[in-house]
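K.L.:
Input sequences plus hints: build the corresponding full structure.
There are 2 protein chains.
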Amino acid sequence: MSDVPLAIGIDFGGTSVKTGVLYRGNVIDDAPRIDTQAFTEADPLIQEIAKSIATLRKNHPKIAAIGVGMPGFVNFKNGLVHNLTNVKGWRRVFLKTRLEELTKLPVTVENDANCMTYAEWKRGAGRGMNDLVALTLGTGVGGGIIANGNMVRGAQSVAGELGQTSIHWEGKTGTYNNKGALEDYIGNNEIAARAAELYAAAGKERLVEECSPARLAKDATFGDEVAISVWEDVAEKLATALMNCCYLLNPEGIIIGGGVAKAGSILFAPLDHKLRAQLGRPFSENLRILPARFGNEAGIVGAATLALEEAGFCVDD
Amino acid sequence: MSDVPLAIGIDFGGTSVKTGVLYRGNVIDDAPRIDTQAFTEADPLIQEIAKSIATLRKNHPKIAAIGVGMPGFVNFKNGLVHNLTNVKGWRRVFLKTRLEELTKLPVTVENDANCMTYAEWKRGAGRGMNDLVALTLGTGVGGGIIANGNMVRGAQSVAGELGQTSIHWEGKTGTYNNKGALEDYIGNNEIAARAAELYAAAGKERLVEECSPARLAKDATFGDEVAISVWEDVAEKLATALMNCCYLLNPEGIIIGGGVAKAGSILFAPLDHKLRAQLGRPFSENLRILPARFGNEAGIVGAATLALEEAGFCVDD
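One line per chain: the protein sequences are A and B, in this order.
The first sequence: position 117 = 117 (the numbering used here), numbered continuously.
The second sequence: position 150 = 150 (the numbering used here), numbered continuously.
Errors might be hidden in some of the hints.
Copies of the same chain look alike in the list, so a pair counts if it fits in one copy or across any two.
To be verified - List time: in silico DSBU-like cross-link candidates among lysine-lysine, alpha-carbon distance up to 35 Å:
1. 204 x 122
2. 62 x 51
3. 218 x 62
4. 204 x 51
5. 218 x 51
6. 88 x 104
7. 172 x 262
8. 274 x 77
9. 274 x 58
10. 58 x 204
11. 58 x 122
12. 274 x 88
Just so you know, the hints here were simulated from the structure itself, not pulled from any lab data.
P.N.:
Now the structure itself:
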């Protein structure tokens with residue numbers, strides 16, 4: 001164990017901050033969750049995170065690096081968090097600098113969907129691939145891209161925003177005034193709202209609250225035609241956005257995680273069919289569409305793995 | 001001159017094959033065009049190309065490499081041309097191998113839009129950029145992507161097919177059964193057909209043949225409202241596809257060439273507006289939308305430049 005470096009991964013969410021210790025790709029210890037919404041300013045929350053780190057380091061003195069996955073735009077180079085829409089007080093926060101001051105360890109700050117992508121690429125379903133697209137389906141739709149064996153971050157390190165890509169040039173107006181954003185059709189809440197509509201239209205009134213993806217997946221499995229048609233619709237729309245990724249990037253793999261992906265074959269079977277049906281042969285014939293390996297731990301695993309690599313360690317263990 | 005390598009670039013089109021000699025980024029000599037459609041099989045045409053090369057080498061003995069840009073899917077690694085839809089007899093042709101046999105020079109084979117992208121990236125409007133998207137607007141819509149300072153080719157080296165990406169999940173059915181492909185809305189012929197429709201609707205009957213992009217650009221410049229609305233529509237649809245590229249890749253530059261791009265500000269002004277209006281700030285604030293530097297010579301320049309790099313020469317002169 002002494003030769004393999006340990007790292008701390010932090011999954012910073014709108015509800016809670018989760019902090020864990022990674023050893024050989026496994027989360028072997030963690031700190032109590034921190035309630036994100038209990039803080040109205042950034043710095044007190046950063047100090048609380050630093051306390052969690054200090055506690056974990058007592059039991060794991062060989063921690064070599066810290067990685068943080070953030071739910072918003074991040075400048076990867078300098079660790080600046082531009083803005084968090086769901087957390088108060090986070091505007092232009094130099095998180096990397098501050099956390100390095102407090103911990104005296106190298107800190108890497110990255111977007112959460114990129115951390116998930118990193119976890120799947122280095123230790124999960126995308127291991128060994130040079131070109132892949134990863135996405136998380138939940139309240140929002142996040143994504144990450146690997147091309148030529150490197151993460152694609154782009155000019156301002158905000159690339160990979162699959163949820164903001166359009167599936168309809170005259171569609172709904174989204175967060176950035178963008179029309180037809182995928183996220184505005186297949187986010188958790190949009191799926192539930194759509195399902196409630198379809199149940200009403202079929203004369204089987206059901207509350208939006210009773211239309212969670214988990215419930216809809218279960219009902220579809222048992223043959224509920226409305227639920228099946230909801231998943232067909234999600235698959236069709238998701239297939240369009242992924243088709244665009246395929247024509248642009250010709251990935252070897254598409255890796256899908258997040259709560260909505262737990263629907264399993266109810267989603268994956270029609271998605272696979274609808275996507276491949278629209279791809280030219282060289283785009284389709286070696287393409288693999290895979291469920292993510294990591295669930296809730298993806299953020300911690302990805303952030304910690306990335307931090308180790310950035311600190312110069314080899315993570316191919 | 002003796003220290004700077006020369007290369008031959010070949011722009012293989014559905015109508016003609018153009019062959020030129022590149023020196024320091026300039027085409028300094030060329031061979032007579034070969035009529036592509038005069039050949040029903042691949043090999044006689046390859047032999048004719050080899051003759052052009054031999055003739056050019058008499059005057060330029062220091063040719064170090066040959067690059068070919070092809071209008072179809074190409075395996076960049078082994079120089080296999082999968083299939084050309086517009087040229088008879090081209091199915092699974094090992095062009096690189098055959099042309100190396102005939103010329104005894106290193107040959108690089110690449111997709112034509114990637115060659116154009118390469119020309120703009122190395123010697124044109126995208127020089128110095130690490131992340132860019134280039135596209136050509138003509139009968140079809142082609143594209144190429146640079147990310148992290150490398151060309152994105154993907155798993156089967158067919159990436160960059162911007163024209164096949166969808167702008168409408170329920171749109172027109174395209175070449176690969178894909179719905180809403182950009183090319184099926186803003187290709188030359190589609191623009192002309194749309195314009196003829198709009199003229200008819202406005203009670204100003206005009207033949208499709210009288211609705212070339214060049215003519216429509218001129219008319220729009222002189223205030224023709226139908227022509228202006230055609231370009232607004234092209235800009236809106238193109239903006240959607242480019243917005244998708246921006247959210248996925250966060251490029252520093254978007255470089256637009258090809259015949260339709262000659263419309264100039266009649267196209268670029270509404271495109272710039274409609275694209276930026278739909279982008280979050282970090283995607284938009286440093287983004288440059290630029291006309292391509294190279295016109296008809298883009299293919300030759302790009303293919304020759306790529307061939308020199310592949311043969312190990314530095315082209316940053």
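K.L.:
With 35 Å as the alpha-carbon cut-off, assign the pair residue 274 and residue 77 to within, between, both or neither.
P.N.:
Cα proximity of residue 274 and residue 77: across copies only (30 Å, versus 38 Å in one copy).
K.L.:
From the Cα coordinates, with 35 Å as the cut-off, is the pair residue 88 and residue 104 best called within, between, both, or neither?
P.N.:
Close inside one copy (26 Å), not across copies (66 Å); limit 35 Å.
K.L.:
Tell me, please, which holds for residue 62 and residue 51 at an alpha-carbon limit of 35 Å: within, between, both or neither?
P.N.:
within (17 Å within a copy, 67 Å between copies)
K.L.:
Have a look at residue 218 and residue 51 and pick one of within, between, both or neither, based on CA distance no larger than 35 Å.
P.N.:
neither (41 Å within a copy, 67 Å between copies)
K.L.:
First find the shortest C-alpha distance between residue 274 and residue 58 inside one copy, then the shortest across copies, and answer within, between, both or neither for a cut-off of 35 Å.
P.N.:
neither (51 Å within a copy, 54 Å between copies)
K.L.:
Classify it for me, residue 58 with residue 204: is the Cα-Cα distance of at most 35 Å met within a copy, between copies, both or neither?
P.N.:
Cα proximity of residue 58 and residue 204: none, with 57 Å in one copy and 81 Å across.
K.L.:
First find the shortest C-alpha distance between residue 172 and residue 262 inside one copy, then the shortest across copies, and answer within, between, both or neither for a cut-off of 35 Å.
P.N.:
both (26 Å within a copy, 32 Å between copies)
K.L.:
Checking residue 58 and residue 122: alpha-carbon separation at most 35 Å within a copy, between copies, both or neither?
P.N.:
Within. Shortest intra-copy distance 28 Å satisfies the 35 Å Cα cut-off; inter-copy 52 Å does not.
K.L.:
Reference check for the pair residue 204 and residue 122, CA-CA at most 35 Å: within, between, both, or neither?
P.N.:
Neither: 46 Å inside a chain and 61 Å across chains, both beyond 35 Å.
K.L.:
Pop the pair residue 204 and residue 51 into one bin, within, between, both or neither, using alpha-carbon distances up to 35 Å.
P.N.:
neither (52 Å within a copy, 74 Å between copies)
K.L.:
Evaluate residue 274 and residue 88 at a C-alpha cut-off of 35 Å and name the case that applies: within, between, both or neither.
P.N.:
The answer is between: 31 Å across copies meets 35 Å, while 41 Å in one copy does not.
K.L.:
Go through the copies and call it for residue 218 and residue 62: within, between, both or neither, with a Cα cutoff of 35 Å.
P.N.:
Neither: 44 Å inside a chain and 70 Å across chains, both beyond 35 Å.
Hints 1, 3, 4, 5, 9 and 10 from the list above are not met by this structure, while the remaining hints are.
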